[in-house]
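K.L.:
Place chain B on chain A using the hints.
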Amino acid sequence: MTTRRFRLDDLVGRMVRDAEGRSVGRIYDMRAEERNGELAIVEYHVGSAALLERVGLSMLRLIGLHRITPCKVPWDRLDISDPDHPVLRS
Amino acid sequence: MHVIRELLDMQIVDRDDEHVGRVDGIVAELRNGEPPVVVSLELGFVTIARRIHRGLEAVAERMHKRWSVRRSARYRIPWSDVMEVNTHHVRIDVRAEETVAFDWER
Chain A
123 MTTRRFRLDD LVGRMVRDAE GRSVGRIYDM RAEERNGELA IVEYHVGSAA LLERVGLSML
183 RLIGLHRITP CKVPWDRLDI SDPDHPVLRS
Chain B
-4 MHVIRELLDM QIVDRDDEHV GRVDGIVAEL RNGEPPVVVS LELGFVTIAR RIHRGLEAVA
56 ERMHKRWSVR RSARYRIPWS DVMEVNTHHV RIDVRAEETV AFDWER
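Chains A and B supply the protein sequences, listed in that same order.
Read in order, the letters of the first sequence are residues 123 to 212 in this note's numbering.
Read in order, the letters of the second sequence are residues -4 to 101 in this note's numbering.
One or more hints might be untrue.
[Stated by the list, open to error] In silico lysine to any residue, SDA-like type, Cα no more than 20 angstroms apart, as pairs: (1) A:K194 to B:E29; (2) A:K194 to A:A171; (3) A:K194 to B:E1.
[What the hints assert, rightly or not] Distance windows between CB atoms, simulated: (4) B:E92 to A:R139: 41 to 49 angstroms; (5) A:R127 to B:M(-4): 18 to 26 angstroms; (6) A:P196 to B:E93: 34 to 42 angstroms.
Source of the hints: derived by calculation from the structure; they are not laboratory data.
Fair warning: this is a prediction, and the values are worked out from it, not measured in the lab.
Here a beta-carbon is modelled for each residue, glycine too, at the ideal position from N, C-alpha and C.
Pulled out of the complex, with its shape left as it was, chain A reads as follows (with noise of 0.2 angstroms):
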């Protein structure tokens, strides 16, 4: 098994484009998992829904919004092996 690691962090703000290169958002934050003793991502949250909700709720309901929903990429459908330039797999 090849393994390579990289730095979360590093995603964080990057554009996903799909294969023909459209922009589908940024990632702003990604859901994790405990599995096996290790901590797992299990999907990646694309887009501004995304950044308003690492806002927070009260600066949601600021200005209007009461729940929003992030574009959430689940991890085996994001090519993250250049985590400069994520690409969606179709």
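P.N.:
For chain B alone, coordinates are given in the frame of chain A:
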């Protein structure tokens, strides 16, 4: 857990509630056919510099070599040493005094 919102920049404390520093970076491992896993938390001025701008990382490294009293520019805490993550801090199973973060205190 939301990794960026709930882990990055979080205060790190040791098992005796002594402050160690903040989570300045998170290192993950990419494996074929498996989800990426968090392998370590990273602390240090060089890591913060990299987050601001990649070019600043080399500048910070040079500053560290010239002036720093710390043994290493970065201090990595393996994920296996993380005991607890809550809304206030990340608790690690290491004594703060034994870490590079405490080189300033010696």
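K.L.:
The structure should be examined with respect to each hint, and the outcome stated for every one.
P.N.:
Okay, the hints, checked on the actual structure:
1. This hinted pair checks out: K194 (chain A) and E29 (chain B) have alpha carbons roughly 18 angstroms apart, not beyond 20 angstroms.
2. Between K194 (chain A) and A171 (chain A) the CA atoms are separated by roughly 10 angstroms; this keeps the pair inside 20 angstroms, and the hint holds.
3. At most 20 angstroms may separate the alpha-carbon atoms for a hinted pair to count; K194 (chain A) and E1 (chain B) meet this at roughly 17 angstroms.
4. One distance hint, 41 to 49 angstroms for the beta-carbon pair E92 (chain B) and R139 (chain A), holds here, with the actual separation near 47 angstroms.
5. R127 (chain A) and M(-4) (chain B) have their C-beta atoms about 20 angstroms apart, which keeps the hinted 18 to 26 angstroms range intact.
6. Between P196 (chain A) and E93 (chain B) the C-beta distance comes to about 40 angstroms, which sits within the given range of 34 to 42 angstroms.
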